[in-house]
Structures are given as structure tokens and as C-alpha cells.
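Colleague: The residues making up each chain are set out below.
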Amino acid sequence: MDWGNILELSLRELIGVQAIVFALAAIGINVQFGYTGLLNFGQAAFAAVGGYGIAVIVTTYDMSFWLGLVVGVVGAIILALLLGIPTLRLRADYLAIVTIAASEIVRLVGRSASGRDIFGGSDGITGFSRAFYDLNPFTEPFSFGPFEFRERVLWVLVVGWSLVAICTLVVWLLMRSPWGRVLKGIREDEDAVRSLGKNVYAYKMQSLVIGGVIGALAGIVYSLFQGAMQPDVYATNFTFFAYAILILGGAATVFGPVLGAAIMWFSFQFIDLALRGAIQQDYIPSWLMDSNDVGAVRFMLTGVVLVLLLVFRPQGILGDRREIALDAR
Amino acid sequence: MPADDQRTPASLTAKREAAVAALADVPREPGAKKPDPILVADDVKRHFGGLLAVDVEHVEVQRGSITALIGPNGAGKTTFFNLLTGFDRPNSGSWSFNGRSLHGTPPFKVARAGMVRTFQLTKALSKLTVIENMRLGATGQRGESFWRALLPFTWRSQEDAITGRAEELLTRFKLDAKRDDFAGSLSGGQRKLLEMARALMVEPELVMLDEPMAGVNPALTQSLLEHVSNLREQGMTVLFVEHDMDMVRDIADWVIVMGQGKVLAEGPPDAVMSDPRVIDAYLGAHHDQSLAELEQEFETGALTAEAEAELAGTDAPVAAETSGETKDGR
Ligand SMILES: Nc1ncnc2c1ncn2[C@@H]1O[C@H](COP(=O)(O)OP(=O)(O)OP(=O)(O)O)[C@@H](O)[C@H]1O
Ligand SMILES: [Mg+2]
Numbered sequence: 001m002d003w004g005n006i007l008e009l010s011l012r013e014l015i016g017v018q019a020i021v022f023a024l025a026a027i028g029i030n031v032q033f034g035y036t037g038l039l040n041f042g043q044a045a046f047a048a049v050g051g052y053g054i055a056v057i058v059t060t061y062d063m064s065f066w067l068g069l070v071v072g073v074v075g076a077i078i079l080a081l082l083l084g085i086p087t088l089r090l091r092a093d094y095l096a097i098v099t100i101a102a103s104e105i106v107r108l109v110g111r112s113a114s115g116r117d118i119f120g121g122s123d124g125i126t127g128f129s130r131a132f133y134d135l136n137p138f139t140e141p142f143s144f145g146p147f148e149f150r151e152r153v154l155w156v157l158v159v160g161w162s163l164v165a166i167c168t169l170v171v172w173l174l175m176r177s178p179w180g181r182v183l184k185g186i187r188e189d190e191d192a193v194r195s196l197g198k199n200v201y202a203y204k205m206q207s208l209v210i211g212g213v214i215g216a217l218a219g220i221v222y223s224l225f226q227g228a229m230q231p232d233v234y235a236t237n238f239t240f241f242a243y244a245i246l247i248l249g250g251a252a253t254v255f256g257p258v259l260g261a262a263i264m265w266f267s268f269q270f271i272d273l274a275l276r277g278a279i280q281q282d283y284i285p286s287w288l289m290d291s292n293d294v295g296a297v298r299f300m301l302t303g304v305v306l307v308l309l310l311v312f313r314p315q316g317i318l319g320d321r322r323e324i325a326l327d328a329r
Numbered sequence: 001m002p003a004d005d006q007r008t009p010a011s012l013t014a015k016r017e018a019a020v021a022a023l024a025d026v027p028r029e030p031g032a033k034k035p036d037p038i039l040v041a042d043d044v045k046r047h048f049g050g051l052l053a054v055d056v057e058h059v060e061v062q063r064g065s066i067t068a069l070i071g072p073n074g075a076g077k078t079t080f081f082n083l084l085t086g087f088d089r090p091n092s093g094s095w096s097f098n099g100r101s102l103h104g105t106p107p108f109k110v111a112r113a114g115m116v117r118t119f120q121l122t123k124a125l126s127k128l129t130v131i132e133n134m135r136l137g138a139t140g141q142r143g144e145s146f147w148r149a150l151l152p153f154t155w156r157s158q159e160d161a162i163t164g165r166a167e168e169l170l171t172r173f174k175l176d177a178k179r180d181d182f183a184g185s186l187s188g189g190q191r192k193l194l195e196m197a198r199a200l201m202v203e204p205e206l207v208m209l210d211e212p213m214a215g216v217n218p219a220l221t222q223s224l225l226e227h228v229s230n231l232r233e234q235g236m237t238v239l240f241v242e243h244d245m246d247m248v249r250d251i252a253d254w255v256i257v258m259g260q261g262k263v264l265a266e267g268p269p270d271a272v273m274s275d276p277r278v279i280d281a282y283l284g285a286h287h288d289q290s291l292a293e294l295e296q297e298f299e300t301g302a303l304t305a306e307a308e309a310e311l312a313g314t315d316a317p318v319a320a321e322t323s324g325e326t327k328d329g330r
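Protein sequences appear in the order of chains E and F. Under my numbering, read the first sequence as residues 1 to 329, first letter to last. Under my numbering, read the second sequence as residues 1 to 330, first letter to last.
None of these hints come from the bench; they were simulated from the model. Treat the hints loosely; a few may be bogus.
Simulated crosslink set (BS3-like; lysine-lysine; CA at most 30 Å straight-line) [as the list claims (entries may be wrong)]:
| id | chain 1 | residue 1 | chain 2 | residue 2 |
| --- | --- | --- | --- | --- |
| 1 | F | K45 | F | K109 |
| 2 | F | K109 | F | K262 |
| 3 | F | K109 | E | K184 |
| 4 | F | K174 | F | K15 |
| 5 | E | K184 | F | K127 |
| 6 | F | K127 | F | K109 |
| 7 | F | K45 | F | K33 |
| 8 | F | K109 | F | K33 |
| 9 | F | K178 | E | K184 |
| 10 | F | K127 | F | K45 |
| 11 | F | K34 | F | K45 |
| 12 | F | K174 | E | K184 |
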């Protein structure tokens with residue numbers, strides 16, 4: 001087995017586009033769930049709205065790329081308001097139910113036959129990323145040690161990681177401010193926060209909107225990278241993947257989502273390649289598994305790792321053990 | 001705000017005497033008019049299914065006084081608090097605070113108007129440190145708006161001032177050693193103290209305390225009593241629910257008695273506690289004798305004698321029993 005190659009390919013995933021997309025999605029969920037205690041199970045819908053915003057404006061209506069960006073972000077704000085206005089006054093579980101349904105509605109409307117003229121049906125939409133790649137300042141591939149990145153990928157990585165850095169910085173600034181303190185108070189006990197004169201509803205709404213906009217950025221980055229907006233990318237497992245990443249990295253920590261995403265995609269790739277290598281070399285007997293099973297087995301192994309993590313480090317990699325201990329009191 | 005509790009007894013009694021004097025001419029009857037009411041409630045009703053939990057015809061709270069709200073378990077005291085502070089909606093009724101109607105006002109606006117409550121089941125924000133709990137209480141914080149939160153220089157100086165005030169209060173409540181601990185690591189009594197201190201961060205005019213003494217050990221009770229009377233010294237009005245009759249007698253200027261949702265009696269502590277209707281309400285609900293035995297005793301006069309003896313302060317079996325039974329309410 002070529003361990004050098006396996007490691008190299010895995011390290012590419014550590015900083016790859018998937019890691020960026022899920023880091024963004026998880027940063028959004030971190031604001032909502034980690035800091036405010038809001039159960040948004042529809043992050044996929046926010047990402048899809050971001051992706052459709054650009055795709056529909058540019059391809060379907062032939063308008064400017066920048067307008068598409070604005071529409072994607074404004075669409076996420078509107079979706080957050082639509083979901084939040086009826087549910088945020090109610091108990092936490094209502095938001096969870098409504099968001100999980102909304103996420104499927106967005107996907108199913110996107111892939112429906114009757115909306116094909118606008119949303120492109122289940123094939124989705126292509127041909128909207130030219131303006132983005134026209135902005136690419138990189139004219140030749142970039143090599144760094146054993147790694148080589150083509151211009152296109154390099155451009156997506158630079159833009160994507162800049163977005164991750166900006167969002168992380170914003171979250172860091174917000175969560176050490178009095179504004180963030182109100183959010184954390186709401187997570188602990190919203191009635192107590194109300195009794196101290198804070199408009200809890202308005203804060204929850206702001207949290208839902210901000211997390212949703214960051215989720216939309218995830219969808220925008222991913223569709224630009226793919227050059228296509230496909231509705232089935234944004235099924236509910238997109239959301240649960242982002243949750244797994246957040247919990248792995250540590251909820252309510254500033255760098256948790258980023259670290260979680262990088263580690264998750266690194267291990268995914270690593271397990272995948274290692275299994276394939278082992279099968280090729282007959283280290284793993286073929287009656288046990290063959291290379292067609294690798295895709296499923298790596299999910300199982302990832303699940304096992306997550307379970308072990310929750311048993312031995314329930315606060316995630318960056319979390320504070322003392323906080324978990326308080327829950328037992 | 002005075003930073004210490006080296007209170008001068010002269011000024012303490014002065015404020016207390018002022019409050020007592022203001023209430024001296026108030027008739028001792030349910031719904032009595034007060035000379036300078038800060039809170040006035042009319043016809044407040046709250047049904048839970050068939051149960052009429054609160055049915056208050058008229059009640060007033062005198063500004064600058066300490067008013068106790070007492071009554072047996074399930075009398076509707078907490079529900080009445082919830083209604084007044086907007087945490088629950090009445091089926092009918094109206095009330096005003098400082099002359100301003102608060103009917104239908106959401107809780108956060110009630111607090112901003114200067115009427116702050118604590119909860120019977122303490123609500124410490126566990127995963128925030130003690131000092132963060134305190135800071136959260138301050139109102140009008142610039143850094144609590146989203147855009148300014150991103151620009152720390154716009155709120156830093158205010159934050160420092162708030163922290164200073166919070167530390168002063170923590171010292172006064174003997175929690176300064178716990179400043180950087182998670183609130184969730186505090187004991188039950190310490191949480192009560194923290195909740196009260198946090199409510200004071202709002203700088204309220206009227207403080208409403210729901211059983212501030214429940215679960216607090218007797219050694220701490222004395223200092224809590226001082227804190228509560230100190231609030232009056234600082235010009236605040238206090239309305240508190242309490243089952244501990246000793247505390248009520250010690251610090252209350254006026255007592256309102258509720259039973260089955262209604263205001264049964266009102267008056268200064270000593271007068272109220274010897275009121276037969278009040279004794280009925282309590283004994284009827286709490287005595288571990290059967291009602292038949294009670295009636296018999298009542299007829300023979302043994303019960304009234306016992307109650308009178310107790311209320312005269314020679315012995316406190318009934319009050320102790322009452323408070324013992326009710327520490328665990330909501
Ligand atoms: N949410 C509710 N749903 C149904 N019934 C309720 C509700 N809240 C209170 N009650 C009922 O209303 C009555 C008054 O309750 P409340 O909590 O106000 O009593 P309390 O005077 O505070 O008693 P305690 O001294 O035990 O705290 C009780 O009979 C209670 O069962
Ligand atoms: Mg109560």
C-alpha cells in the first residue's frame with residue numbers, strides 16, 4: 001500500500017471544498033444550536049436557497065452574478081423569517097419539526113416537474129459559474145510540496161477559506177460581546193432572560209437569520225465549485241452531517257465547526273483509501289468485503305468513531321468538559 | 001447604591017417607620033386603598049380548566065414598603081406573580097404599575113418598566129459564570145445590539161462599568177469568591193442569592209421575590225433578610241411570597257393573604273396573623289389532623305388558644321410546620 005499517496009490525498013480533503021462547505025454549514029448551526037439552543041434541522045434548505053439564488057438568477061433569468069449572490073442571501077433571510085415567525089414563540093421542538101419539513105419542501109419543489117422551467121427539475125441547473133471563474137486571478141496551477149492544485153480549485157479554496165475565516169471571526173466577535181451573552185442565556189433558560197428585560201424572540205430570530213445566511217454561503221460555495229445546482233445534494237443528511245461535524249469539533253466553541261469539518265473529511269478519505277488499499281493487497285479477505293462495500297463501511301466506521309467520541313469526550317474535541325458535567329447536576 | 005452592609009440602624013428604622021406610618025391609616029381589609037400605590041390590580045382572574053387559580057378583586061402595593069404575599073400551597077401566589085409580570089395571561093383583569101397599564105405587556109417590557117421578579121424554582125443560567133449572569137441583568141447595554149456587538153470599542157467602557165456594579169453586588173451577597181465559577185456549580189441557596197442579585201442589576205423600582213428563603217439555610221436567612229430590608233433602604237419597593245412566618249414578621253410592613261385565588265385579608269403582620277380567617281386558611285390546608293378533629297378542637301376553643309399562643313411568639317409549631325411543608329413548591 002502506498003501510504004504516502006493515501007496521506008497526501010487525505011490531506012487534500014482536510015482543506016478541500018467539502019470541508020469548506022460543511023464548515024460553513026456547521027458554523028451556522030453552531031450559532032443557532034450551539035449558542036442559542038435553537039434546533040434548526042433544516043440547514044440543507046438554507047444551503048439550497050443560497051445555491052438556487054445564484055443558479056436561478058444567472059441561468060434561468062440571465063441576470064448578473066452579483067444579483068444572484070444577493071438573492072441567495074436575501075432568500076435565506078426570508079426563509080429564516082418564515083420559519084421563525086410562527087415557531088420561535090413556541091417550545092423548542094416546534095422549530096425542529098418545521099425546519100425538517102421545510103428542508104424537504106425546498107428540495108422537492110426544486111426537483112418537481114412543474115417547476116422545471118425555473119429550477120431545472122431533478123437535474124438541477126448548470127452554467128451559472130462563469131462570472132465567478134472569470135474573476136479568478138490565478139493563471140497557473142499552484143504546487144506546494146507534493147500537492148498541486150489546479151487554478152479553478154485553487155480559486156474556490158481561497159474564496160471558501162476566506163469565507164470560513166470571516167464567519168469564524170464574526171462568530172468570535174459576537175460570542176464575546178453582550179449580544180452573545182444574551183444568546184447563551186437564552187440557551188440556558190429563556191424565561192430568566194425575559195425576566196431581565198431582554199426581547200428573547202428578537203434575539204432568537206437574529207440567531208436563526210445569521211445561522212441561515214452562513215448556511216446559504218455553504219450552498220453558494222458548493223454550487224459554484226460544482227458548476228451545478230442539484231437539489232438532491234441538499235437532502236436531510238446534509239443537515240445531519242453538519243450536526244455530526246459540529247458535535248465532533250465541539251458545539252458552542254468558535255473553532256469547533258472548522259476543526260470538525262476538516263477532521264471529518266480527512267478521516268473519510270483516509271478510511272476509504274486505506275480500505276481500498278487493504279482489499280487490493282488481500283489484507284482484507286474478499287468474503288468479508290470487497291471494494292464495492294467501501295463506501296458503506298466508511299460510514300459505519302465513522303459512526304463508530306462518533307459514538308466512541310460521545311462516550312469518552314461528550315463535549316467534542318474543543319469543548320469544555322466542565323460544561324457537560326453541569327448537565328448532570 | 002451603598003456598597004456595603006454596614007447599615008446605620010437609625011436610617012433603617014427611619015425608612016421602615018416611614019413605610020409603617022404611611023400604612024397606619026390604611027383599613028385592614030382585603031383590597032384596601034393605599035396612600036401611594038406603585039402597583040394596582042383590578043379583577044384579575046385566571047382559570048385552569050375548572051379551577052379558578054387567581055381571582056383578585058382589587059389589590060394595591062404601597063410604594064417604598066415591603067409587602068409580603070402569603071397563603072397556603074396552591075393559593076395562587078405564583079400564578080398571580082406570573083400574571084403581573086406577563087409570563088402568563090389572565091382570562092380577565094387589568095393592572096397598572098406606576099400608573100401605566102401593563103395588561104398584555106410582554107415580560108421583557110415589564111422588566112424594563114422597572115418591575116423585576118425572581119422565580120420560585122431558581123433560574124440560574126448554569127453554563128454562564130456567576131459574573132456573566134450578573135452582567136446579563138444590566139439593561140440598556142449598547143453591546144446587546146447586533147451591529148455594535150461586532151465593534152467592541154462601542155461597548156467596552158459600559159461593560160467595565162457594569163462589571164464594577166456587578167462585583168459590588170456580588171460582594172454584598174457574599175458571592176464574590178464564586179465570581180468566575182459556572183452558576184451551575186453553585187448550591188441551591190447560593191443560586192437564590194445569585195438570582196436576587198441578578199434581578200437587582202436591572203435597577204428595578206419594584207422587586208418581586210417568589211420564596212426567596214426556600215432552601216436557604218438558617219445561617220444565611222439572617223443575611224438574606226438584611227438584603228431584602230436593604231432594598232427598601234435604597235428606595236425600592238418589595239413584594240415577596242414567603243411561607244416562613246418569622247421572616248414575614250421580621251421584615252414585612254404589610255401582609256396580603258391569599259387563599260384559593262382570592263385576597264382573604266390584609267394588614268400589618270401581627271394583625272393579620274391573629275386574624276381568624278387567616279388561621280383558618282392555613283390550618284384548613286395544612287394541619288395533619290382530620291377536619292373532624294379540627295372542628296371539634298375549634299369548638300372547644302383549644303385550637304384558637306394554640307394558634308394565639310403561637311402567634312404571640314411563645315412557640316411556633318404551626319408556622320414551622322407550614323414552612324417545612326412548602327419548601328419544595330414551584
Ligand atoms: N399551568 C397550570 N396548569 C394548571 N393548573 C395550574 C397551573 N399553574 C398553577 N395551577 C394551579 O393553580 C393553583 C395555584 O397555583 P400556584 O402555583 O399559583 O400556587 P402558590 O400559591 O404559588 O403555591 P405554593 O405556595 O405551593 O408555591 C394550584 O392549584 C395549581 O395546581
Ligand atoms: Mg408558588
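Colleague: With reference to the structure, classify each hint as holding or not holding.
Modeller: Against the structure, the hints come out as follows:
1. Distance hint between K45/F and K109/F is fulfilled; the C-alpha atoms sit about 22 Å from each other, no more than 30 Å.
2. Our distance criterion of 30 Å between C-alpha atoms is met by K109/F and K262/F, whose separation comes to about 27 Å.
3. For the hint pairing K109/F with K184/E, the CA-to-CA distance comes to about 20 Å; that is within 30 Å, so the pair holds.
4. At roughly 24 Å between alpha-carbon atoms, K174/F and K15/F fall within 30 Å of each other, so this suggested pair holds.
5. Only pairs whose Cα atoms come within 30 Å are accepted, and K184/E paired with K127/F is accepted, the gap being roughly 8 Å.
6. Among the hinted pairs, K127/F with K109/F is consistent with the structure: their alpha-carbon atoms are about 25 Å apart, no more than 30 Å.
7. For the hint linking K45/F to K33/F, the alpha-carbon distance of about 20 Å falls within 30 Å, and the restraint holds.
8. A distance of roughly 26 Å separates the Cα atoms of K109/F and K33/F; the hinted pair therefore holds under the 30 Å criterion.
9. Proposed proximity of K178/F and K184/E is supported: the alpha carbons are some 19 Å apart, at most 30 Å.
10. Taken as a hint, the K127/F and K45/F pair is broken in the structure, with Cα atoms around 37 Å apart against an allowance of 30 Å.
11. Of the pairs offered as hints, the one joining K34/F and K45/F holds, with about 22 Å between alpha carbons and a cut-off of 30 Å not exceeded.
12. Between K174/F and K184/E the alpha-carbon distance is near 25 Å, which keeps this suggested pair within the 30 Å criterion.
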